[in-house]
Amino acid sequence: MENEAGALSRVAGLFSARGYNIESLSVAPTEDATLSRMTLVTSGSDEVIEQVTKQLNKLIEVVKVIDLSDGNHIERELMLVKVRAVGADRDEIKRLVDIFRGCIIDVTDKSYTIELTGTSSKLDAFIGAVDSSTVLETVRTGASGIGRGDWTLKV
Amino acid sequence: MSEELTGAEITIRCLQEEDVECIFGYPGGAVLFIYDELFKQDKVKHILVRHEQAAVHAADGYARSSQKVGVALVTSGPGVTNAVTGIATAYMDSIPLVVISGQVPTNAIGLDAFQEVDTVGITRPCVKHNLLVSDVNELATTIKKAFYIAATGRPGPVLVDIPKDVTQQKIVFEYPEKLSMRSYNPVIRGNSKQIKKAVDLILSAKRPVVYSGGGVILSDAAKLLTDLTRMLGFPCTNTLMGLGGFPATDKHFVGMLGMHGTYEANMAMQYCDVLIAVGARFDDRVIGNPKHFSNENRKIIHIDIDPSSISKRVKVDIPIVGNVPDVLKELTKLLKQRQDEMDEKALDEWWKQIDLWRERDCLKFNRESDIIKPQLVVEKLYDVTKGEAFVTSDVGQHQMWAAQFYKFDKPRRWINSGGLGTMGFGLPAAMGVMFANPKSKVACITGEASIQMCIQELSTCKQYRLPIKIVNLNNRYMGMVRQWQEFFHGNRYAESYMDALPDFIKLAESYGHVGIRVERPEDVEGALQEAFKLKDQLVFLDFITDQTENVFPMVPGGKGLSEMILV
Ligand SMILES: Cc1ncc(C[n+]2csc(CCOP(=O)(O)OP(=O)(O)O)c2C)c(N)n1
Chain H
0 MENEAGALSR VAGLFSARGY NIESLSVAPT EDATLSRMTL VTSGSDEVIE QVTKQLNKLI
60 EVVKVIDLSD GNHIERELML VKVRAVGADR DEIKRLVDIF RGCIIDVTDK SYTIELTGTS
120 SKLDAFIGAV DSSTVLETVR TGASGIGRGD WTLKV
Chain U
0 MSEELTGAEI TIRCLQEEDV ECIFGYPGGA VLFIYDELFK QDKVKHILVR HEQAAVHAAD
60 GYARSSQKVG VALVTSGPGV TNAVTGIATA YMDSIPLVVI SGQVPTNAIG LDAFQEVDTV
120 GITRPCVKHN LLVSDVNELA TTIKKAFYIA ATGRPGPVLV DIPKDVTQQK IVFEYPEKLS
180 MRSYNPVIRG NSKQIKKAVD LILSAKRPVV YSGGGVILSD AAKLLTDLTR MLGFPCTNTL
240 MGLGGFPATD KHFVGMLGMH GTYEANMAMQ YCDVLIAVGA RFDDRVIGNP KHFSNENRKI
300 IHIDIDPSSI SKRVKVDIPI VGNVPDVLKE LTKLLKQRQD EMDEKALDEW WKQIDLWRER
360 DCLKFNRESD IIKPQLVVEK LYDVTKGEAF VTSDVGQHQM WAAQFYKFDK PRRWINSGGL
420 GTMGFGLPAA MGVMFANPKS KVACITGEAS IQMCIQELST CKQYRLPIKI VNLNNRYMGM
480 VRQWQEFFHG NRYAESYMDA LPDFIKLAES YGHVGIRVER PEDVEGALQE AFKLKDQLVF
540 LDFITDQTEN VFPMVPGGKG LSEMILV
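Residue numbers (numbering that gives the first Met the number 0), protein chains in the order written: chain H, 0 to 154; chain U, 0 to 566.
If you are wondering where the hints come from, they were derived from the structure by calculation, not from laboratory data. Nothing here was measured: the structure is a model prediction, and the numbers come from that model. Ideal Cβ positions, reconstructed from N, Cα and C, are used throughout, including at glycine. Incorrect hints may appear among the rest.
[Stated by the list, open to error] Incomplete in silico selection of chain U near chain H, CB under 10 angstroms:
(1) 131
(2) 152
(3) 179
(4) 180
(5) 187
(6) 188
(7) 308
(8) 310
(9) 311
(10) 314
(11) 531
(12) 533
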């Protein structure tokens, strides 16, 4: 969509006004600074998704809408997690981070801050795997998506 | 041309470039520079209303009754919030408007400044688009965009919010000749494969119905629709918004459909085998319960410019997204070549069935009554004006009787708030109609509750000498509310009695108008004649009507189209 003030609130407003749910939404400018790319995760029946697509297309600032789930696509989400890490937990958590191919990006004597990228379900799995009492804080970006192969979404 | 102009001058120049003849507005702090420039020129006429809601309704009536974009000008804060009802009304009925609002200076935005509201935020869900002009260099392009977006595709209101400092800054003015918007390209031509499929389906029809809506009026496709329908000999029904899209006096017309549609229209809609929907959107007041509607098997062709209107409430078989006139032209061309393939026999049978439904005489009312029946007033209005008046209305029973009993043969003559159902719309809309059609007969059919919602506009009517005829169907009740309470709430008339009514005659007179009270059926026609003889005067006709009269037929909420309550 056009990288203009207010465009994001139009999308968000559309979803709340029409009762569609937003599971996640991530947006940032693209290599063309006049455009932003938004990945929005939503769910609903085929009819609802058809309406969502049509309504989004109606917004003046939206340039193009595609449903990535119509074809092969890749989805990634970034999560930062701060966990309590003392004593024997420190090694245990380190191992788990390695298994999930994350990395520890900040360390204190009481905590680790972990960076993890993957599909949303992989991030959920990580949270499920760590002892919930050690999780101090999590922050997630929501998914970003792109089509597989040579196909590109360009304006 | 290198002369520098202020933002305020630019605003007015843009309006002139867009050939705007008149705008409706109300001044205030944030728009004072714009008003100053209005004062210094005489190309754009400014109409001073008495409330910003009326400014937008008037611009709306102007747009509906002409083919032009209506323009309103309001100040920041309360000016804008007052205008919101008008904007939402226009949005729901897809009326092309440009609303210009003043805003506090850019450096004060966000500081809870005096008369600041987040105008773009407040209006976002009820505009086609809105734009805040934060740089005077973008002002002209923004206004041009606003007119373009408002009038093209599925039309709608566009708001331009202009901070006060922007109206003071000076730059060299240049009105852009062209706009390029990569993200806004309304479709025009329908897909020809789909159109061919539609032709096949139409030719195979045994029980066809043409169902047309406001889109036919807005896109000026009434003549095309009429010619096509007559050529095919199909029955045609109009929605509340679509009245006048097909001549109501034509024998192919089966009346309005929907909640208060005719028996024959609703039955035909329910039991047809091929439905041709044109510029309509299957809304809840039109087809009732969509599940019940889908119980019958029929194939649907849906022609509309807005893809999101298609398969929203009812799944359709052949969607055609495109500009209605273009699609109708192509359909007509193709059908002309293959007219002999039509199943005339089946069509005859279908008409016989429809005529049986017609015999039910669903709009009958007691003509012997010695209390004035509201239906009678509308009938007489039709007679007295020879069906040529522009008729605006408010919202309630009177609106439905107007729609049922005034036979609109031409588009843009019936002006009402269908989508939002805004009481208070009728009088200011009639003002707009008068400015767009100065020599025409204009009547506002209203109720004693609705008229009080914008009654202050009697003053505007005086100032500009607008000879509107107000037809007040005075039943001392919020009649439509009373009807629902009678049918669905055990006759408990909670707060729907209109107590403490003013003496409308004296009220009209105090504004310098003429008032006539009519209490007997035999005086109805004479009073109307007298009113229309007063060519230069607004006349307030206060008809004291039957309090107990209800609107029939009625499809109760949640029920199917064929489940009408009949008189
Ligand atoms: C602004 C607004 N408020 C409330 C309503 C709900 N409403 C619909 S019809 C109606 C009664 C209208 O009464 P009146 O104008 O006297 O017309 P009648 O139905 O008696 O013909 C009301 C209150 C509305 N449509 N608009």
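Taking the hints in turn, this is what the structure says about them:
1. 131: 7 angstroms, holds
2. 152: Holds. Min distance 9 angstroms.
3. 179: 13 angstroms, violated
4. 180: 8 angstroms, holds
5. 187: 16 angstroms, violated
6. 188: With Cβ-Cβ at 18 angstroms, over 10 angstroms, it is violated.
7. 308: 9 angstroms, holds
8. 310: 7 angstroms, holds
9. 311: Check passed: Cβ of residue 311 of chain U comes within 6 angstroms of chain H, closer than 10 angstroms.
10. 314: 8 angstroms, holds
11. 531: At 44 angstroms from the nearest chain H Cβ, residue 531 of chain U fails the 10 angstroms test, so the hint is violated.
12. 533: 47 angstroms, violated
Hint compliance for this structure: hints 3, 5, 6, 11 and 12 are not met, and every other hint is.
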